[in-house]
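Got chain R sorted already, so can you dock chain E onto it with the hints?
The primary structure of each chain is shown beneath.
Number of protein chains: 2
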Amino acid sequence: PGPDLTAQTEVVRRQSELTKPQGSLGRLEEIAEWLACWQGRAQPRVERPRVAVFAGTHGVAARGVSAYPPEVTQQMVKNFLNGGAAINQLAAAIDADLRIYELDLDHPTADFTQGPAMDETRAANAMAYGMMAAEPGIDVLCLGEMGIANTTAAATLCAALYGGTGADWAGPGTGVTGKALAHKIAVIDEALARHKDAIARRDPLELLAAVGGEEFAALTGAIVAARMGRIPVLLDGYACTTAAAVLHSVDRRALDHCLVAHRSAEPGHTRLLDALKMRPLLDLDMRLGEASAAALAVPLLKAAAACHNGMATFAEAGVSSKDA
Amino acid sequence: PGPDLTAQTEVVRRQSELTKPQGSLGRLEEIAEWLACWQGRAQPRVERPRVAVFAGTHGVAARGVSAYPPEVTQQMVKNFLNGGAAINQLAAAIDADLRIYELDLDHPTADFTQGPAMDETRAANAMAYGMMAAEPGIDVLCLGEMGIANTTAAATLCAALYGGTGADWAGPGTGVTGKALAHKIAVIDEALARHKDAIARRDPLELLAAVGGEEFAALTGAIVAARMGRIPVLLDGYACTTAAAVLHSVDRRALDHCLVAHRSAEPGHTRLLDALKMRPLLDLDMRLGEASAAALAVPLLKAAAACHNGMATFAEAGVSSKDA
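If you're matching them up, the sequences are chains R and E in order. FYI, in the working numbering the residues of the first sequence are 714 to 1037. FYI, in the working numbering the residues of the second sequence are 714 to 1037.
Looking at chain R on its own, in the form it has when it is part of the complex (with noise of 0.2 angstroms):
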């Protein structure tokens, strides 16, 4: 569905009367409209945030891309669920419902240097697991992702998306610098090359099965899900803005209901979000995925949300107006 242009209509008249000069709550605004657009009300809400973390394991992860051993994946996730990760508390900062959903960690995908990580039914089963992220009643949906090497997946897809080579779009990940750095380019440049018909098909959804892995299907599912449920969504870092925009590349106005939280310092997201011209709200320097950033950004909303609909109008202030 689209945007609900009543709704934004009805914002935008009333922002004008709120008790402040035009415009000077500058993003604040844009994302109350935002809201209300794609939640299908003229009163945004956000009360019920979800934070959705998919966890996926590589194929890959066993050439090692990563400063991390392949089970960090598992352990991880069991660190999830006893609440000892970042995520954990910036998910109770603001009242979230966290959900981790775990992708057949113990079968981790094929290494697509050696051919495609995934077929299309395994691809579609994680695209549908995802979508189950996306419930009634959710306010806004955060999503992130686990995932050991997965910003090898990230960056490798990406140049199959966009071109570019390896090096265009690989970065430290979990802190890969040197020699290291070069082999995972390396690495992604091999994959590049076992793949370069596929990439020529430019179909978006194949390559996501060829080099990109469970979680970002899965996340692909829960954008496209939380579009049709009127939940708007924040996108997390590097490799959950890859799996965005694999659906931006087959239709341009797919992510419409989604903004970017945050800057990551992985250096490809900055080139990924040039090359689909989203401004992240945030730009912090982080770089964990886990949907940290995504729920750091929810008091961003509801900031949004509390202004718009709490502030008093210059007439019921009894504040001259500008053009008073």
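Hints listed in this document are in silico derivations from the structure and should not be mistaken for laboratory results. Careful, some of the hints might be misleading.
If several chains are the same, the list does not tell them apart, and a pair holds so long as it fits within one copy or across any two.
Derived DMTMM-like pairs: lysine to aspartate or glutamate, alpha-carbon spacing no greater than 20 angstroms straight-line [unchecked claim]:
#1 Lys990 x Glu903
#2 Lys1035 x Asp817
#3 Lys791 x Asp964
#4 Lys990 x Glu833
#5 Lys1035 x Asp910
#6 Lys791 x Glu730
#7 Lys990 x Glu784
#8 Lys1035 x Glu784
Nothing here was measured: the structure is a model prediction, and the numbers come from that model.
The following block gives chain E in isolation, referenced to the frame of chain R:
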């Protein structure tokens, strides 16, 4: 007092043990360290924020430098007290104690194009009044202001402190453009010419009285008192940071316990941040004042403290560390 280096060392040690790649929480890690330094405790706390808004009236407002008439200062104070302004909604969203400090609103400062805005006694009294905002038990102090014509005062004070002309430091403020902005610039240049001897003497406190305003003096008092009381400070926008700059001109370390919450859309603010070498936490095109952006940044501090205090270490969570 200076930073608590013992608390800082403790924070840095713990950060390196938490279940995340080193540095991956970006500025949230920097914030946790800063809070610990200036609160003097290894477990930073952001449970009791206070928002202090200082309102002042300006003789120069009679020169028509604002898009709004001078009486809007008092009208907006009434709006604050009735709960209808943006800052009321934003303070409520962070469970902050909101205090409005009125500075003799019925007696505006003198028009500083004709002479000093205040004598030393009046400036000192305002400074002492501002000190009341920093009471024991507050975890963070959000500072802001309200005062029709105070971006004119801010621009004049910045030019007096750092050099440059009205055109270098003036911006639209509440929405002044075209001929009206040219007039505002001319008024500032007139004031700079009037006070050229004082500017040549380079005494920041004399300049504060000459071309500032009572809310500026009160803000400097609040910043100093917060330092004495071990309360970290969030600075709001252009006028607030200008008041802080007076102290920085006296002593380069006077603002070490302060962070700038947001880069104002007012262009002089970016120039001032460059001079102070301070990087704001947010960049959301706001230009409202009222401590609105300072309040909006509090959830970032809460998040930083929550992650720092609540996350599990690698050992506690049984997660393989990078060197494993």
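Results for each hint:
Taking the closest pair of Cα atoms, Lys990 and Glu903 never come within 20 angstroms of each other, the shortest separation being 29 angstroms inside a single copy and 44 angstroms across copies. For a Cα distance limit of 20 angstroms, the shortest separation of Lys1035 from Asp817 qualifies neither inside one copy, at 60 angstroms, nor across copies, at 24 angstroms. Taking the shortest Cα distances, Lys791 and Asp964 never come within 20 angstroms of each other, neither inside one copy (36 angstroms) nor across copies (50 angstroms). Proximity of Lys990 and Glu833 under a CA criterion of 20 angstroms is satisfied in neither setting, with 29 angstroms inside one chain copy and 52 angstroms between copies.
For the identical chains of this complex, Lys1035 and Asp910 are neighbours neither inside a copy (61 angstroms) nor across copies (36 angstroms), given an alpha-carbon limit of 20 angstroms. Only between protomers do Lys791 and Glu730 lie at most 20 angstroms apart by alpha-carbon distance; the minimum there is 17 angstroms, versus 50 angstroms within a single protomer. Proximity of Lys990 to Glu784 under the C-alpha cut-off of 20 angstroms is found in neither arrangement, the shortest distances being 36 angstroms within a copy and 42 angstroms between copies. Within a single copy, Lys1035 and Glu784 get their C-alpha atoms only as close as 61 angstroms, which misses the 20 angstroms cut-off; across copies the closest is 12 angstroms, which meets it.
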